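Just so you know, the sequences run in chain order A and B. Heads up: the first sequence at position 243 corresponds to 243 in this note's numbering, and the numbers run straight through without jumps. Heads up: the second sequence at position 158 corresponds to 1158 in this note's numbering, and the numbers run straight through without jumps.
Since the hints were made in silico from the structure, they are not lab data. None of these values were measured; they are calculated from a predicted model. Please note: incorrect hints may appear among the correct ones.
[Said to hold, decoys possible] Computed from the model, here is a short list of chain B residues facing chain A with C-beta under 8 Å:
no.	residue
1	T1016
2	T1123
3	Q1142
4	T1144
5	S1166
6	Q1167
7	G1184
8	A1186
9	R1187
10	A1228
11	N1230
12	G1247
13	A1252
14	F1254
Beta carbons are placed, not taken as given, at the ideal position from N, Cα and C, and that holds for glycine.
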Amino acid sequence: MAEVLIYVDHVDGAVRKPTLELLTLARRIGEPVAVALGNGAAYTADTLAEYGAVKVLTHDASEYAEYLVVPRVDALQAAHEAVSPAAVLVPSSAEGKEIAARLALRIGSGIITDAVDLEAGDEGPVATQSVFAASFTTKSRVSKGIPVITIKPNSAAVEAAPAAGVVEALSVTFSDQVTGTKITGRTPRESTGRPELTEAAIVVSGGRGVNGAENFSIIEALADQLGAAVGASRAAVDVGWYPHTNQVGQTGKSVSPQLYIANGISGAIQHRAGMQTSKTIVAVNKDAEAPIFELVDYGVVGDLFDVVPQLTEEIKARKK
Amino acid sequence: MSLKIVVCLKYVPDATGDRHFADDLTVDRDDVDGLLSELDEYAVEQALQIAENADDAEVTVLTVGPEDAKDALRKALSMGADKAVHVEDDDLHGTDAIGTSLVLAKAIEKAGFDLVVSGMASTDGTMGVVPALVAERLGVPQVTLLSEVSVEDGRVRGRRDGDAASQQLQASLPALVSVTDQSGEARYPSFKGIMAAKKKPVESWDLSDLDIEAEEVGLEGAFTKVEAANERPARTAGSIVKDEGEGGKQLAEFLASQKFI
Ligand SMILES: Cc1cc2nc3c(=O)[nH]c(=O)nc-3n(C[C@H](O)[C@H](O)[C@H](O)COP(=O)(O)OP(=O)(O)OC[C@H]3O[C@@H](n4cnc5c(N)ncnc54)[C@H](O)[C@@H]3O)c2cc1C
Ligand SMILES: Nc1ncnc2c1ncn2[C@@H]1O[C@H](COP(=O)(O)O)[C@@H](O)[C@H]1O
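Chain A on its own, in the form it takes in the complex (with noise of 0.2 Å):
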């Protein structure tokens, strides 16, 4: 059966859960083979077999972790000329296309991004993408050499199936752009215990109508009582109310949770394009005539100041 190269997205071994979800589609395509890189690389092998991986191929070196994109460019690249995969499939974050897409220049292949569900064709996998602010739906793929396909968090769903998972070194010989961009300085982001934004099942979000970053605390409390992620519109973030990490939309994350609760957002296309695909759409905003209400499944037409602190007490009520 043909072999499916995958990029394992970890964070010192620890495999985060959209690397998990390529396991499921790269198994619809061929048998899937996992490519994990930088410190803690071969803590990831017990982790990715029991998802499918057949194989896991680790490199450690300290490039990773000192230069930008590159080293791990051509570590992927090694792993393709190691196995000469079917397909290799990355996960769809910022590093991740800027990694795929120079292999995909480098072994002459086409290179589609954000896809949001993969199946088997007749002349290669065919992706679906969500486009024009998830307005269109699309099915593409990839006419001239080995299919590169990056995937968004939540296209599947991370289904247990036990597979070898044989560990093997990598050999990686560095190019000579590896040492181009160096990495001066590392602050890591502080945890704030709260799912991750775009692998959350439920997203609550707030926006200008939230009117000051003390308040987002009514927007957390009702978060922290549902287990979910918070949000933020572009217009809560450029005032400085809420981190930029945390935006949704164009220029932030896109979220395609199950559950999505707007709360004084007014719903632009720029917002709508990170959060349209959700299951679920909930909405609460004091203007009956806000666009977010064309997208809802429900939606409650009054002050977020009443109706959040309300929901989140009867939540806590009908826990008990």
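Given chain A, put chain B with the ligands in place with the hints provided.
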């Protein structure tokens, strides 16, 4: 020593307009009003600031696109760029990211550069890969997705805010950077700027000027194929209630009925 900056700009269909596909499944660029991609305004802004802080610098704005794409160049010139290059050729219709990066790289080499500045992503394709591809082709460092950027003593430095961490990056010129919408508000063209732009040079190059064969680009040369494009069905109308004091409780009831609580 003069610093040569080339800024890559894309002319895109207006996101607030009715965007759709043409019969050949390429993005329809005729029936929808276009404009300079808002995200590339940030690239122009940072390029102008870098030029202003240099002893002697020249900012060239470059676009690959149809006739109307000149509007994007005009806007950037009126913001303060010095000159413009428009790559236009009928054979470019349907070019994908790999092909676009080839045309941009050849045009950047022909124009001459110390620094290339791009936006973070185009607002129509939203791939965010062209800058990385152009860096790969030019064989220069990619210093991308910066929310802060500066150039000093032949070095570019910047801050890249990633998911897990914020990184400080550094590279020697020549290099390619891309900047995000967090890099700083873009300036508005002044009246004087708009008048001055009318006299600034706009060069037009076609594929033969760049030694590119027609087969390498366009729909023919594309490495990817769109097989179907369908409008997403409108979401079925949901229930909307007016809060009369019980809105939060009603919402909780809905969430319970959907098994979220
Ligand atoms: C290139 C580009 C990229 C962009 N990228 C993004 C992006 O990634 N993400 C994004 O979100 N935006 C993005 N935008 C901005 C977008 O166009 C909107 O400006 C933004 O989404 C508006 O945020 P908002 O809905 O919070 O604010 P507004 O549009 O001002 O809406 C606030 C809403 O709150 C309601 N409200 C006020 N008070 C209350 C109250 N007490 N109770 C209930 N409701 C209340 C109001 O009725 C209103 O509907 C982008 C724009 C551009 C040009
Ligand atoms: N046709 C084009 N002409 C000039 N620059 C472009 C073009 N397409 C993409 N770019 C540049 O590449 C960036 C990222 O584009 P993309 O990878 O398509 O999202 C844009 O912000 C532009 O700076």
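Against the structure, the hints:
1. Given hint, T1016/B at the interface with chain A, holds; its Cβ is 6 Å from that chain's nearest Cβ, closer than 8 Å.
2. Taken as an interface hint, T1123/B checks out: its beta carbon lies about 7 Å from the nearest beta carbon of chain A, inside 8 Å.
3. Restraint check, Q1142/B versus chain A: the minimum CB separation of about 6 Å is within 8 Å; hint holds.
4. With a least beta-carbon distance of about 7 Å to chain A, the hint placing T1144/B at the interface is held under the 8 Å criterion.
5. For S1166/B, the interface hint holds, the least distance from its beta-carbon to any beta-carbon of chain A being 5 Å, beneath 8 Å.
6. Taken as an interface hint, Q1167/B checks out: its beta carbon lies about 5 Å from the nearest beta carbon of chain A, inside 8 Å.
7. With a cut of 8 Å, the hint placing G1184/B at the interface with chain A is violated, because the nearest CB-to-CB distance is about 12 Å.
8. Against a cut-off of 8 Å between C-beta atoms, the interface hint on A1186/B is violated, since the closest Cβ of chain A lies about 13 Å away.
9. The closest approach between the C-beta of R1187/B and any C-beta of chain A is roughly 17 Å, which is over the 8 Å cut-off, so the hint fails.
10. The closest approach between the C-beta of A1228/B and any C-beta of chain A is roughly 4 Å, which is under the 8 Å cut-off, so the hint is satisfied.
11. Of the supplied interface hints, the one on N1230/B holds, with its beta-carbon coming within about 5 Å of a beta-carbon of chain A, less than 8 Å.
12. Taking 8 Å as the C-beta cut-off, the interface hint given for G1247/B holds, the closest approach to chain A being about 4 Å.
13. Below 8 Å, beta-carbon pairs count as interface contacts, and A1252/B has one with chain A at about 4 Å; its hint therefore holds.
14. Restraint check, F1254/B versus chain A: the minimum CB separation of about 4 Å is within 8 Å; hint holds.
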